[in-house]
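Undergrad: For the protein sequence lines, the chains are A and B, in the order given. Residue numbers for the first sequence, in the numbering used here: 1 to 204. Residue numbers for the second sequence, in the numbering used here: 1 to 204.
No lab work stands behind these hints: they were computed from the structure. Remember, predicted model here, so these are calculated numbers, not experimental data. Hints may contain errors.
Copies of the same chain are indistinguishable here, so a pair counts whether it falls within one copy or spans any two.
No farther apart than 20 Å at their CA atoms in a straight line, the calculated lysine to aspartate or glutamate pairs in the DMTMM-like style are these [what the hints assert, rightly or not]:
1) 114 x 128
2) 20 x 32
3) 33 x 157
4) 201 x 191
5) 114 x 126
6) 171 x 126
7) 150 x 98
8) 33 x 126
9) 99 x 37
10) 147 x 194
11) 132 x 191
12) 20 x 128
13) 137 x 38
Protein chains: 2
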Amino acid sequence: MNKIITIGREFGSGGRELGKRLADHLGIAYYDKEIIEEISNRTSLAQEYVHQIVEQKPNFYFPITIGRTLHATHSDYVVKQQTSVYAEQANVLREMAEKSDCIIVGRCADYILKDHDPLRIFVYADMESKIKRCREKAEVEEHLSEKEMKKMILKVDKNRAHYYAYYTGQKWGHHANYDLCINTSALPVKEFAEALAGMIKGME
Amino acid sequence: MNKIITIGREFGSGGRELGKRLADHLGIAYYDKEIIEEISNRTSLAQEYVHQIVEQKPNFYFPITIGRTLHATHSDYVVKQQTSVYAEQANVLREMAEKSDCIIVGRCADYILKDHDPLRIFVYADMESKIKRCREKAEVEEHLSEKEMKKMILKVDKNRAHYYAYYTGQKWGHHANYDLCINTSALPVKEFAEALAGMIKGME
């Protein structure tokens, strides 16, 4: 069975950097935005739209009195589309896991690929560090004020938590759902990735 | 400032082993049962009794209608003794942290020593692994059935969670209160301790 490492991460915590560095050290595939691209290709939906969907749980908020089987409402259609994107995402992840050793960031991969016995990592940080990292790394967020940036980080993470809870029935970020939880406010990503890669190689 | 590493741990998860191994690799002091011994010396209470106290939150369950300021009840006395043991424990920990680099297991050390900016580790595992570890390592628990052992593990951890919440106002085991949370069901303690020690040395 291929070695699979999944990384859940709070926005701005450096999960993507950790994943990339680990992949480089281990010489294995790294999947993040590639998953969105692949789903977009398969569903013929725009990448931006797929990205929105995989960051939010399906939206069921419309009056229950409307006969859902009789009227194919707009909401019905949206929910179906969201659910089918999740199903396609699961297919893409399973194919990636079958193909070779790899690191997958986000996308409920820890849960979807549980039969592959992945090493499940969760990366988090305090708000101050996350804002600092966003300022240093991101392009989109650099014009936001401190308050706006905090609000955005909290919103993205809230959506991730809801999405994860909706599809897995588990609590996002709860240590019991992971093998390793890393606070990048205290631990430097570069050095930790190197040490962790060394340990993973040693375990093989 | 001395380098302080604190280790919170679920019963049977291997937190003590990780602490000892880390201390050996780093060549620094390791405190676990020594803390109980020191508190026992200072308070003239039996070690066994101190151990019981530092694994449980103070017991406030007596009728509130009894005037606590008027009657020095047995419960009053016990609560005072428990609280003073906690205060003495805090003194002992601070003195240990002032003395040299060290690793401290349990005792709310992550919270008590927060001004020392410790590396805060939490060690946990799934129930199956914890029962297995207890069977392999412990002497006291080896005669217990599977069911009795599970009950004991849950009880010890429940007490630890209550004790931690009572004195720190924080949630025991919640990732935000730690820098690194390690699931020893998936990660081998020996190899992880070596890798982590290497990284800590590299950070100096």
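Undergrad: Hint by hint, note whether the structure agrees.
TA: Hints versus structure:
For the identical chains of this complex, residue 114 and residue 128 are inter-copy neighbours only, at 17 Å across copies versus 33 Å inside a copy, given an alpha-carbon limit of 20 Å. Taking the shortest alpha-carbon separations for residue 20 and residue 32, only the intra-copy value of 9 Å comes in at or below 20 Å, while the best inter-copy value is 38 Å. Taking CA atoms no more than 20 Å apart as the test, residue 33 paired with residue 157 passes inside one copy only; the shortest distance there is 18 Å, against 40 Å between copies. Taking CA atoms no more than 20 Å apart as the test, residue 201 paired with residue 191 passes in both settings, with 16 Å inside one copy and 10 Å between copies.
In the homo-oligomer, the alpha carbons of residue 114 and residue 126 lie at most 20 Å apart only across protomers (15 Å), although the nearest pairing inside one protomer, at 28 Å, exceeds that limit. For the homomeric pair residue 171 and residue 126, the shortest alpha-carbon distances inside one copy (19 Å) and between copies (16 Å) are both at most 20 Å. When the C-alpha separation of residue 150 and residue 98 is checked against a cutoff of 20 Å, the pair qualifies neither within a copy, at 38 Å, nor between copies, at 36 Å. For a Cα distance limit of 20 Å, the shortest separation of residue 33 from residue 126 qualifies neither inside one copy, at 25 Å, nor across copies, at 32 Å.
In this assembly of identical chains, the alpha carbons of residue 99 and residue 37 lie at most 20 Å apart only when taken from the same copy (17 Å versus 56 Å across copies). With identical chains, the CA atoms of residue 147 and residue 194 are never at most 20 Å apart, being 34 Å at best within one copy and 41 Å at best between copies. With identical chains, the CA atoms of residue 132 and residue 191 are at most 20 Å apart within one copy only, with a shortest distance of 19 Å there and 33 Å across copies. In this assembly of identical chains, the alpha carbons of residue 20 and residue 128 never lie at most 20 Å apart, being 23 Å within a copy and 33 Å across copies at closest.
Taking CA atoms no more than 20 Å apart as the test, residue 137 paired with residue 38 passes in neither setting, with 25 Å inside one copy and 49 Å between copies.
Checked against the numbered hints above, the structure breaks hints 7, 8, 10, 12 and 13 and satisfies the rest.
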